[in-house]
Amino acid sequence: MRFGFLIKTAWHYVRRSYRSTMVLGLMVFAAVGCLVFLSALAVGTNDAMIRNSVGLFSGHIAGVSLPSGTTPERLMVDGTAGVLIRNEAVANIGQPGGTRTETVRIIGVAPLEEKKLTALWKKTLAGRYLEPGQPEIYLSRPLAQNLRVSVGDGLQIKLESWPTATLFTVSGLYQTGVSQLDYGLAFCPAQVLPESGAAVSAAIFLKEGIAAEPVIKIYQQRFDSAHFLPWRKFMPDLKQLIDLNYVSMTIVMILVFGVVSLGIACAFVIFILKSMREFGILKAIGMRSSEIVMLIVLQVIMLTLTASLAGTAAGAGAVAWLSGTGIDLSSLTSHNPYFVVSGVIFPRLTPFSACLPAVMAVFFGALAAIWPSIFVIRKSAADILRSI
Amino acid sequence: MIEAFDVCKSFRSGRGQVAALDHVSITIMKGRLFVVAGRSGSGKTTLLNCIGTLEKPETGRISCAGIDITHLSRRAAAKFRRKQTGFVFQSANLVSYLTVRENIALPLELNAWSNDARNRRVDALLDTVCLRGMGAAMPQELSGGETQRVAFARAIAHQPAILLADEPTASLDSATGRQLIQLMQALVRESACTLIAATHDPDLIAAASETLYLKDGRKVGQL
Ligand SMILES: Nc1ncnc2c1ncn2[C@@H]1O[C@H](COP(=O)(O)OP(=O)(O)OP(=O)(O)O)[C@@H](O)[C@H]1O
Ligand SMILES: [Mg+2]
Chain G
1 MRFGFLIKTA WHYVRRSYRS TMVLGLMVFA AVGCLVFLSA LAVGTNDAMI RNSVGLFSGH
61 IAGVSLPSGT TPERLMVDGT AGVLIRNEAV ANIGQPGGTR TETVRIIGVA PLEEKKLTAL
121 WKKTLAGRYL EPGQPEIYLS RPLAQNLRVS VGDGLQIKLE SWPTATLFTV SGLYQTGVSQ
181 LDYGLAFCPA QVLPESGAAV SAAIFLKEGI AAEPVIKIYQ QRFDSAHFLP WRKFMPDLKQ
241 LIDLNYVSMT IVMILVFGVV SLGIACAFVI FILKSMREFG ILKAIGMRSS EIVMLIVLQV
301 IMLTLTASLA GTAAGAGAVA WLSGTGIDLS SLTSHNPYFV VSGVIFPRLT PFSACLPAVM
361 AVFFGALAAI WPSIFVIRKS AADILRSI
Chain F
389 MIEAFDVCKS FRSGRGQVAA LDHVSITIMK GRLFVVAGRS GSGKTTLLNC IGTLEKPETG
449 RISCAGIDIT HLSRRAAAKF RRKQTGFVFQ SANLVSYLTV RENIALPLEL NAWSNDARNR
509 RVDALLDTVC LRGMGAAMPQ ELSGGETQRV AFARAIAHQP AILLADEPTA SLDSATGRQL
569 IQLMQALVRE SACTLIAATH DPDLIAAASE TLYLKDGRKV GQL
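Chains as they are written, first to last, in this note's numbering: chain G, 1 to 388; chain F, 389 to 611.
Treat the hints with care, as some may be off.
[Stated by the list, open to error] Distance condition first, Cα-Cα at most 30 Å in a straight line; then the derived DSSO-like pairs of lysine-lysine:
1) K158/G with K115/G
2) K274/G with K239/G
3) K239/G with K8/G
4) K8/G with K418/F
5) K467/F with K274/G
6) K418/F with K603/F
7) K122/G with K233/G
8) K115/G with K207/G
9) K115/G with K239/G
10) K115/G with K274/G
11) K603/F with K379/G
12) K444/F with K274/G
13) K379/G with K471/F
14) K274/G with K471/F
15) K418/F with K444/F
16) K274/G with K122/G
17) K471/F with K418/F
18) K217/G with K233/G
19) K418/F with K274/G
20) K603/F with K8/G
21) K122/G with K158/G
22) K116/G with K8/G
23) K467/F with K418/F
24) K274/G with K8/G
25) K379/G with K444/F
26) K467/F with K444/F
27) K207/G with K158/G
[Stated by the list, open to error] Computed footprint of chain G on chain F, listed as stretches where at least three residues anywhere in the stretch have a Cβ under 8 Å from a Cβ of chain G:
28) 452-460
29) 588-600
[Stated by the list, open to error] Sample of chain F residues at the chain G side, in silico, Cβ under 7 Å:
30) M389
31) F393
32) V483
33) L486
34) P495
35) W501
36) E529
In short, the hints are calculated from the structure, not lab data. Ideal Cβ placement from N, Cα and C applies to all residues, glycine included.
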């Protein structure tokens, strides 16, 4: 088989069938470009949900049962963007002299560091976030309503391990819409929370694109009694939602391409059969069937490959343009707990979402070439030439 | 030498079974201009197609230089056409998306001629058919006569042993037709090529070394 000759001939056909090449190419180009952008948008949506969910409070990795005295530096490894150490204890809280009390997990935090890495403080509805060293408590609005307290009121805190009650002032109220944070939790500066009996936990934030598992492996070697969980484990709902998103994205891609490719396939059949006479001539002057099939496949692949590369580039261009500014979908996400911090989505291209549409276009294009190929091979040159 | 012995070929069509070739036997000597004449529908194209392995006879046998070509495999038939035959069809001869040059070079490409040899041969052929300078033209830019000359150049490019020409002059005026006939006569004279042409053209019949007359697929005379 003379490959150079076949490639040259296929190229002449694609190039000189100017109009049909343009129309078909435009179709493939548009389909691939749109799909690249759509899939980048889906990835960006998932990113935003993860960023929102882990950025609110938990971090990408939650460490529990850490030895007391653990410093953030001990947990900083390659790939971590920041570490927050927290003490927590179970406490009864209530108004001094009041009858209503609640049992909560009270979490001692480093207020300045928390403000840098988490977004809980942005969810303040009344008052303000904690200040270091002050005997203050920051709690959710539902909890405050149950206890009948508001900003500036005093609250007595009694730890199980620390029998004398201490008086704290309510610094601010928040509400996130995430039930784990809105019920059963209260925050105070770590310095004012008695250390005895408090459990030490950590919220570990990873840099963009770093997987949690290898980092956890390092931690487990360092701290044998502690436990570390990736966000996928402690937020199974989010993991499922993201998996679901990927599945639906893939289904949409396959469906969209199924429909589009049907159109493309029909157009390709016409594209190929339009030069039936030429195939008849080539057969008559002694081109082998295998060479003719190769010629058809090359024509189709050249067209789809060029058009889908251009489509991928256009889609990637749109993604690059919008990944700077982001797409603000706040109006669509404001009541959604997975977008508590921000509804801005930054589309992101993954190798998978960048390549899949082009691969599918070439695949379906090649598939579309099968029927006309069989047709051309089956029909004798005499029949083809006689029918024109 | 080409020998056809008792060749039959029929087609099923709307009119029922049509015998396109009905027990036709012929012998064509090497290096002759052999003309197949007859009315429209008499089976001329079918006979040429059978000799060129584009169609398979139902019964009978065709041999070329002693080799039976009626029972060749598809692949072997393609090879036979590529190496041994050249075709000039009645119309629609050229590959529309290739230039004149590329069209003439097609059989040379298929026969794996080197770049150099190919270019030289195409240049020489363009001279032969008086189309020097037209190499870059597209087929749709050519007149009918020019198209047939390019087709002729392509058919003889790889120096085939057999040239099959199906009404090569039918779409040409008589002056242009005579020009093409002269080219064909020169070819037969100068190479050992056997030229088999189907035609109604009296000029071409007059130029033939031998003429077979067909009627309704039957041989009705040979001169
Ligand atoms: N594929 C086909 N299906 C049905 N009938 C066919 C087919 N090919 C040829 N025929 C019939 O066979 C007969 C011989 O056809 P052929 O083309 O060989 O004639 P011809 O002598 O070349 O005619 P013309 O001078 O018009 O080209 C005709 O009657 C034609 O209708
Ligand atoms: Mg005919």
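Each hint, compared with the structure:
1. K158/G with K115/G: holds, 26 Å
2. K274/G with K239/G: violated, 51 Å
3. K239/G with K8/G: Roughly 50 Å between the alpha carbons, so the hint for K239/G and K8/G is violated.
4. K8/G with K418/F: It is violated: about 36 Å lies between the C-alpha atoms, which goes past 30 Å.
5. K467/F with K274/G: The hint holds at about 26 Å.
6. K418/F with K603/F: holds, 25 Å
7. K122/G with K233/G: Since the Cα atoms of K122/G and K233/G sit roughly 26 Å apart, the hinted pair holds (cutoff 30 Å).
8. K115/G with K207/G: Given pair K115/G, K207/G holds - Cα atoms ~17 Å apart, limit 30 Å.
9. K115/G with K239/G: holds, 26 Å
10. K115/G with K274/G: violated, 67 Å
11. K603/F with K379/G: holds, 27 Å
12. K444/F with K274/G: Cα-Cα ~26 Å, so holds.
13. K379/G with K471/F: holds, 22 Å
14. K274/G with K471/F: holds, 28 Å
15. K418/F with K444/F: Holds, at roughly 22 Å.
16. K274/G with K122/G: Given pair K274/G, K122/G is violated - Cα atoms ~64 Å apart, limit 30 Å.
17. K471/F with K418/F: holds, 16 Å
18. K217/G with K233/G: holds, 15 Å
19. K418/F with K274/G: violated, 39 Å
20. K603/F with K8/G: violated, 45 Å
21. K122/G with K158/G: Holds, at roughly 28 Å.
22. K116/G with K8/G: Violated: K116/G and K8/G sit about 61 Å apart, past 30 Å.
23. K467/F with K418/F: holds, 20 Å
24. K274/G with K8/G: holds, 19 Å
25. K379/G with K444/F: It holds: about 13 Å lies between the C-alpha atoms, which stays within 30 Å.
26. K467/F with K444/F: holds, 16 Å
27. K207/G with K158/G: Violated - the C-alpha atoms of K158/G and K207/G are around 38 Å apart, more than 30 Å.
28. 452-460: Violated - the segment 452-460 of chain F has 0 residues with a Cβ nearer than 8 Å to chain G, which falls short of three.
29. 588-600: That given contact is violated, which follows from only 0 residues of the segment 588-600 of chain F lying within Cβ reach (below 8 Å) of chain G.
30. M389: Nearest chain G Cβ about 21 Å off; hint violated.
31. F393: violated, 21 Å
32. V483: holds, 5 Å
33. L486: This hint holds: L486/F lies near chain G, its Cβ roughly 6 Å from the closest one there, short of 7 Å.
34. P495: With a closest approach of 6 Å, the P495/F hint holds.
35. W501: violated, 11 Å
36. E529: violated, 13 Å
Going down the numbered hints, you'll see the structure goes against 2, 3, 4, 10, 16, 19, 20, 22, 27, 28, 29, 30, 31, 35 and 36, while the others check out.
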